[in-house]
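Chemist: Each chain is listed here by its residues.
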Amino acid sequence: MQTLLFALEVSLNGFMTGILYALVALGFVLIFKASGVFNYAQGVMVLFAALTLVGLQQGIVPFQHLINNLLGTSIHGFGWNMPTFLALLLTLLTMLLLAWLVEKLILKHLVNQNPVILFMATIGLAYFLEGFGDLMWGADLKKLDIGIPMGISDTVEQTTYDWFGYGFFIDRLDITASIVAALLVIGLTIFSQFSKTGRALRAVADDHQAALSVGISLRRIWVIVWSIAGLVALIAGIFWGSKSGVQFSLSLVALKALPVLMLGGLTSIPGAIVGGLLIGVGEKLFDFMVGPMIGGATENWFAYVVALVFLLFRPQGLFGEKIIERV
Amino acid sequence: MNKEHKSDKALLVVNNIEVIYNRVILVLKGVSLSLPEKGIVSLLGGNGAGKTTTLKAISNLLRSERGEVTKGTITYQGALVQDLTPAELVRRGVIQVMEGRHCFEHLTIEENLLTGAFTRKDKNSDIRFDLEKVYEYFPKLKERRKSQAGYTSGGEQQMCAIGRALMSKPETILLDEPSMGLAPQLVEEIFEIVKDLNQKEKVSFLLAEQNTNMALKYSNYGYILESGRIVMDGPSTDLRENPDIKEFYLGMSEAGRKSFRDTRSYRRRKRWLG
Numbered sequence: 001m002q003t004l005l006f007a008l009e010v011s012l013n014g015f016m017t018g019i020l021y022a023l024v025a026l027g028f029v030l031i032f033k034a035s036g037v038f039n040y041a042q043g044v045m046v047l048f049a050a051l052t053l054v055g056l057q058q059g060i061v062p063f064q065h066l067i068n069n070l071l072g073t074s075i076h077g078f079g080w081n082m083p084t085f086l087a088l089l090l091t092l093l094t095m096l097l098l099a100w101l102v103e104k105l106i107l108k109h110l111v112n113q114n115p116v117i118l119f120m121a122t123i124g125l126a127y128f129l130e131g132f133g134d135l136m137w138g139a140d141l142k143k144l145d146i147g148i149p150m151g152i153s154d155t156v157e158q159t160t161y162d163w164f165g166y167g168f169f170i171d172r173l174d175i176t177a178s179i180v181a182a183l184l185v186i187g188l189t190i191f192s193q194f195s196k197t198g199r200a201l202r203a204v205a206d207d208h209q210a211a212l213s214v215g216i217s218l219r220r221i222w223v224i225v226w227s228i229a230g231l232v233a234l235i236a237g238i239f240w241g242s243k244s245g246v247q248f249s250l251s252l253v254a255l256k257a258l259p260v261l262m263l264g265g266l267t268s269i270p271g272a273i274v275g276g277l278l279i280g281v282g283e284k285l286f287d288f289m290v291g292p293m294i295g296g297a298t299e300n301w302f303a304y305v306v307a308l309v310f311l312l313f314r315p316q317g318l319f320g321e322k323i324i325e326r327v
Numbered sequence: 001m002n003k004e005h006k007s008d009k010a011l012l013v014v015n016n017i018e019v020i021y022n023r024v025i026l027v028l029k030g031v032s033l034s035l036p037e038k039g040i041v042s043l044l045g046g047n048g049a050g051k052t053t054t055l056k057a058i059s060n061l062l063r064s065e066r067g068e069v070t071k072g073t074i075t076y077q078g079a080l081v082q083d084l085t086p087a088e089l090v091r092r093g094v095i096q097v098m099e100g101r102h103c104f105e106h107l108t109i110e111e112n113l114l115t116g117a118f119t120r121k122d123k124n125s126d127i128r129f130d131l132e133k134v135y136e137y138f139p140k141l142k143e144r145r146k147s148q149a150g151y152t153s154g155g156e157q158q159m160c161a162i163g164r165a166l167m168s169k170p171e172t173i174l175l176d177e178p179s180m181g182l183a184p185q186l187v188e189e190i191f192e193i194v195k196d197l198n199q200k201e202k203v204s205f206l207l208a209e210q211n212t213n214m215a216l217k218y219s220n221y222g223y224i225l226e227s228g229r230i231v232m233d234g235p236s237t238d239l240r241e242n243p244d245i246k247e248f249y250l251g252m253s254e255a256g257r258k259s260f261r262d263t264r265s266y267r268r269r270k271r272w273l274g
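Read top to bottom, the protein sequences are chains E and U.
Using my numbering, the first residue of the first sequence is number 1, and each one after it goes up by one.
Using my numbering, the first residue of the second sequence is number 1, and each one after it goes up by one.
There may be inaccurate statements among the hints.
List of simulated lysine-lysine pairs, DSSO-like, C-alpha gap at most 30 angstroms [as the list claims (entries may be wrong)]: (1) U:71 - E:108; (2) E:108 - U:121; (3) U:140 - E:104.
Each pair of labels, with its calculated beta carbon distance range [to be verified]: (4) E:117 - U:47: 48 to 58 angstroms; (5) U:126 - E:311: 45 to 55 angstroms; (6) E:113 - U:73: 27 to 37 angstroms.
FYI, nobody ran anything at the bench for these hints, they're computed from the structure.
The beta-carbon is built from N, C-alpha and C at its ideal position, and this holds for glycine as well.
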């Protein structure tokens, strides 16, 4: 009984991590659906959003190393802390500006090129953004705290103890993340199913040329999609940053989103969520049950093996759009 | 050639355009045509003659395929339109229905139709009203309104593509090969609807077709394109009686059916026509 409850607790924790994977994966799906481009820079966008948020909130002077070196000064901060709400708003504006610039400077010039070329462009964008973020805010590890409750939830521990005689350790941050992710997915689904712009997004995803022919402006759609992806990156950045600090390694989280995408399907929003949850729960449970037998550290590779199996047997993923073929 | 026609009130005038793809491939070598108000004009010719390119030059979908109008002018209602985006043209009332239907496969038929109204700014109830009107023209679409377009038949997809264009409240539809891959009965049905739309909704059509017989039957005027040039034009009734058209495009000749042994002289005569 004790083991079973412990396994359950492990799965619940995996569930919460899975939500965070899903948040990153969601950004990939959005852009892939609307432009057929695999956006390699999504992970770095998460990092960049988190960096900007921390930097603004803590009053760090942007480009301080550059300024100090050029002018011989030694400024480090403005000496004030920006209210969290204002910092969030400004970060969101930064992400929208980024979306606009990406369209203006990159996508616009690559219309109707092979998707691989666009993919390469996003690799370039990823490296640029990574360096730019470092230059702007500094490369040191920053602590992000925007007032989301953190630490083990006493209520959950107490309630579960009363029920099962075994207290579950669940992080309050994870609970908030789950709620926000759920709201985000519901919002996005309603937007894409029932709004005019959402319908246009799906139309573009299906057939660029036809979308152009009915008067949908691809460039506007791309700005919208990259803006939404920026918003999703910001939300993912907030939770990952609060959990593990803001630093370069945050962009590597995106690597975990890849198996999630293979599992859920590159084109499905619910797929990204379910895929994230399966990978999150799966890797924790596997590590708990099988790990001790084979020396542990299975979390590093479990997700990729699952993705590989999926590629072999169901390449479009669990929820990926079936390729409609008429004979 | 018959110039009389051009003195009619022309809605769309294409004047001697040249189109180059990828900066090197010359596809249209001086094409001129005009579409009168409330007319149906057909653009005929074989594969690769430049029919689709002409339509795309007008709707400006060319640019997204790395094509460019390098010479000549295109005017719509007297205003130059060759630098407008496809969306701006749709707002002015010119919309293209592309060859091969191009429905949004994962959207339902109804959603497909609604995307046609993307550029419209009027009330939702007006759009709903037009949707019902499209369903009246295409009752089959109403039956299948909830199915994904990718799973409907070729005829239904063609209807969906035309219906989608209608939802933008167009004055002019550039219709590219509506007969492609459809059974003769369906082709007839689609052309009947085109005629209806022309008469009742006052929509003008520029129709690119390989099905010369059908196109000449339903249009008032025709142009014949061959390797990027207009080689002949005239009222459809005249073209139908023209012996060369009969032989090269309608497969009829005074000597009865041609044997393949005669293809060489056939080709030489055809080049003369070009």
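Chemist: So, for every hint listed, does it hold in this structure?
Modeler: Status of each hint after checking the structure:
| no. | hint | in the structure |
| --- | --- | --- |
| 1 | U:71 - E:108 | 25 angstroms, holds |
| 2 | E:108 - U:121 | 26 angstroms, holds |
| 3 | U:140 - E:104 | 43 angstroms, violated |
| 4 | E:117 - U:47: 48 to 58 angstroms | 29 angstroms, violated |
| 5 | U:126 - E:311: 45 to 55 angstroms | 48 angstroms, holds |
| 6 | E:113 - U:73: 27 to 37 angstroms | 29 angstroms, holds |
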